[in-house]
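*Asks:* Sequence:
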Amino acid sequence: MNDPLGTAALRDAALAAWSGNPARLREDANAEEDHARGYYRDRVVVELAQNAADAAARGGVAGRLDLVLRTTGPAGPVLLAANTGAPLDPAGVASLASLRASAKRTCPSVGRFGVGFAAVRGVSDAVTVASVAGAVRFTLADTRALLAEATARDPALAAEAAARGDWLPVLRLPLGGPAPGHPAAPPADRATVVALTLRDDAAVRAVRDQLAAVDDVLLLALPALAEVTVQVDDDAPRVVRDVAARWVAARRSGEHDAALLADRPVEEQGRRAWDVAWAVRREGGTAPGVVHAPTPTDEPCSVPAVLVGTFPLDPTRRHVAAGPVTDALVREAGRAWADLLAAPGAPSWADLLPAALPAGPLDAALVAAVVAATRRAPVLVPADGGPRVAPADAVALATPVPPSLVRALGATRPGLVDLGPAERRFVRLLGIATTDLAEAVDALPDLAPGAARDLYDACAGVDGRGLEQLATLPVPLVDGRTVRGPRGLLLLDDAAGGLADLLADWGLRVVHPAAAHPLLERLGAERTTLAAIARSDAARAQVLADPGLAEPFLALVRAAVGQDGAGQDGGGQDGGGASWWGEVLLPAEDGELLPARGLVLAGSAAHEDLDPEVLPAVDPEVQGRWGADVLARVGVRAGLAEVRVPLDAPDEHLLESLDGWADWLAEAGLGTGLDSGVDARRDAAPGGVARGGPPGLEVPAVADLDAVRDEAWPRVVRRLVAEHRAALAPVRVPGRDPVPAYTSWWLRRRGDLGLDRPFAVGPAAPAWLPPAPPVVADLDEAARRLVGGVASGEDLDPEDWASLLADLREGEEVPVALAVELWRACARLDRVAPLAELPLLPALVPDGVRAVPTDDVAVAGPLWAQRLDCGPLLLVPTAAVARVADALDLDRADERAPGVVTSPGEAAPTPDAVLAVFPAAPDAWLEHDDLRVDGVAVDWWWDGRVHAATPGGLARALAEVVGPRHVAHLARLLAEPDAVAQVLLDLALEG
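Under the numbering used here, residues 982 to 1972 are what the sequence shown spells out, in order.
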């Protein structure tokens, strides 16, 4: 009989062994069952793939495997596995029929134990392996038949076979030819095909699930396989190939030292070759899995990569055996890991380190090897752009900062690396050294201005606590020095030009313009300008102490001109300078050194209008060298100088140019004058500074008015109005009425311009006011008001009234309109003291209103105004009599006579019309034919009762009770009793 694969000898040997020792049947059956149901359960597809890989390796071809599941057909559900490579030979059949011996002992292969084929028994009772050399089958039916024949002669063997039921050692009894429904030969382009008739639905489901799990990892574990095709029934085939396009792998191989294998089984001792590989997806990440040896084990691997290696297995074939071989392979896995990290296309190392705790001893050893290899592998890009460095040789900032800053620091710090959030998680694990940002900054060398600014740009994204760690940044100064830390430095918005030495001599630490950056402000530097430096206390101390610094100071001012929008005139203050600039000593045209504020520019309005004996011209060479703009900035007069004076803290030098300042303060009620009690100006006592006014209040004032030439006043007044109107406007003081401005006050009080008394403004002004003086006659009406013009008596203050009345002559008739306006002012104004100093006052006398000695005047209300026998009278409303008399230190009229009614009167009822409108009026009054008080005839009187001799007197007497403003209403009601309704309406309209 033709038996090319030698199956008969294998069957006979097995049957003979069982017959000779029936217990061997049980042993073989148990072993096959253990492998099928235990060690190799659910691994039929992997084991078939492993055999295909070995066949490809032996045949020296690229392995290709077709896995086809047919769930319906004449033979039932069938799994077909057709592969390329070396065909099946007798030795291979012997290996399939052996449970403990492999035919691959002397050649490199995946299978090493000769037992993996037993996995087919987990799902099938009919297996065919067909090759170009023939076919061999292993079936439960054939096994039953052969045992039946053998047991007929051997009762003991029959008992063992009966005890096994269907779990007989099928793989020990191969027969030539295919099983029913199986192919007798492989497809034309394949060397071998394995056919399995699946036992039941559970087997079908198991195989279907295993086919679905076929993926890239199978080809990675079995590199001899180049392609696997999977098809289920009529579904489209699924092809797995080209794994190198999707995976990055690193592999190491070699031979073990023989001594290392001493404790391994004999057959393993002959297989010294080892191989280990890591593989990761190029994109999308790799999930942690299990160790492959090379097919999957049950050993977990928490490293997110596929590990394949020739690890020794325990008898279950599912766990790696501990020992020297495994330890050696773990070490090699660490080296292969370093190769993987360096492989082109590999993902970031931070994505490949395990995120979970190890799940077992082997996993812990692998994680340790991976970590150690990563620690030594050059995987980190240094901030300076040089070759990659290993974590063990790197240093990172302890807290995250912008990458640009790390790059900037790395230029001077070898090994400094920038770690992203994913990488920063592994700083401690990999032993990466860390340093505080402050330490890294402190270690920076001095930098050129441009390099320093680049560094500050890199620091711009740092905030919060990180800013504190930048406190020692190197900062180049304009004088060439470098200091540590920006706090206290000055940042210029304009170039210092050739002033660097000057600024350094003054002790000013100015940041080099090329290094200036907003970050320095955030760290404590102060942004300033050349103009601000020129105004600084440091500049003041230097310049005022050394006249030789005047010219360098002018250079600084010239550099600053226009930088802050300053004007040109103003004594070094209104033009954006400091008031002390006016104290800088400059040569006059005669060579004498004088404060700048005491000089004028040749050819200027100031030169034309101001007295050269007081304010001489500046030296022509100085003016030619520095120009009018610069000199005007420091206080040399180009015209009228307007300054702003803080009332609570004026500059003593500034006040020297304000003639009469202390007097103005006192007269305006803003202060008591000089601290030392003397006037401010050229006769001021040393250290005496006129102060006053609420804190923070500043007033504009025009300086050096006392230096104006007499003939220049018409021009000067026009300039004051045109250019300095704000300095003429009243000063608004919180909580009180406005007061005259200093400039206006000076023109009126000290200017000798005819403005010392009020004058008429506007067509409605009272006739008793004098006309405008010639010096202001051509000004507009608003301007004339600012220098003393008034439109009515209500515009006059006590000083105005005093000046108007100062020229009165005793006995001179006074216009009644003027007198009445004055008396109203006395009743209205809170302050009338200046009037008490006048020798004469307008008063009512028997023949009209005349100027009389003030001491003769008595203050009277409407009642006592009838008693001219009491002396000249100053008339005010009854309610104001006592106050005005006290303020002017005058008698009241009622103090000069008893005021007793000395004539008889007859009681009469008050008219109903009066009571209807004014119910507060008394019910009755006393009518007199000839009313006399103290023997003097009067028209009416009130002494707690109403006395009257005439209707008009009655109206006035009743008005003393109901109010003086109702005299006219009372007179009408007395004359027209029917006018009650109309009077009520009039009162309603009056409010």
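FYI, nobody ran anything at the bench for these hints, they're computed from the structure.
The C-beta atom is built at its ideal place from N, Cα and C for all residues, glycine as well.
Hints are not guaranteed to be accurate.
[Said to hold, decoys possible] Label pairs and their in silico Cβ distance ranges: (1) Ala1324 x Val1042: 25 to 33 Å; (2) Glu1679 x Ala1860: 33 to 41 Å; (3) Asp1788 x Pro1744: 24 to 32 Å; (4) Ala1693 x Pro1751: 23 to 31 Å; (5) Pro1744 x Asp1836: 36 to 44 Å; (6) Ala1324 x Arg1406: 19 to 27 Å; (7) Ala1340 x Ala1122: 42 to 50 Å; (8) Arg1462 x Gly1326: 46 to 54 Å; (9) Ala1340 x Ala989: 20 to 28 Å; (10) Asp1837 x Val1917: 16 to 24 Å; (11) Ala1758 x Pro1719: 34 to 42 Å; (12) Pro1879 x Glu1679: 40 to 48 Å; (13) Asp1836 x Arg1805: 21 to 29 Å.
*Asks:* Each hint needs a verdict: does it hold in this structure or not?
*Replies:* Hints, verified against the model:
Distance hint check: the CB atoms of Ala1324 and Val1042 are about 27 Å apart, consistent with the given range 25 to 33 Å. The hinted window of 33 to 41 Å between Glu1679 and Ala1860 holds, with their beta carbons roughly 40 Å apart. Evaluation of the 24 to 32 Å hint for Asp1788 and Pro1744 yields a pass: the beta carbon distance comes to about 25 Å. For Ala1693 and Pro1751, the hinted distance range of 23 to 31 Å is satisfied, since their beta carbons lie about 24 Å from each other.
Distance hint check: the CB atoms of Pro1744 and Asp1836 are about 39 Å apart, consistent with the given range 36 to 44 Å. Between Ala1324 and Arg1406 the C-beta distance comes to about 23 Å, which sits within the given range of 19 to 27 Å. At about 45 Å, the CB distance of Ala1340 to Ala1122 agrees with the hint of 42 to 50 Å. The hinted window of 46 to 54 Å between Arg1462 and Gly1326 holds, with their beta carbons roughly 52 Å apart.
Between Ala1340 and Ala989 the beta carbon distance is about 50 Å. The supplied range of 20 to 28 Å is therefore violated. Separated by about 18 Å at the C-beta atoms, Asp1837 and Val1917 satisfy the suggested range of 16 to 24 Å. A hinted range of 34 to 42 Å for the beta carbons of Ala1758 and Pro1719 is inconsistent with their spacing of about 25 Å. Separation of Pro1879 from Glu1679 is about 58 Å and departs from the stated range, judged on CB atoms against 40 to 48 Å.
Distance hint check for Asp1836 and Arg1805: the Cβ-Cβ separation is about 22 Å, which falls inside the suggested range of 21 to 29 Å.
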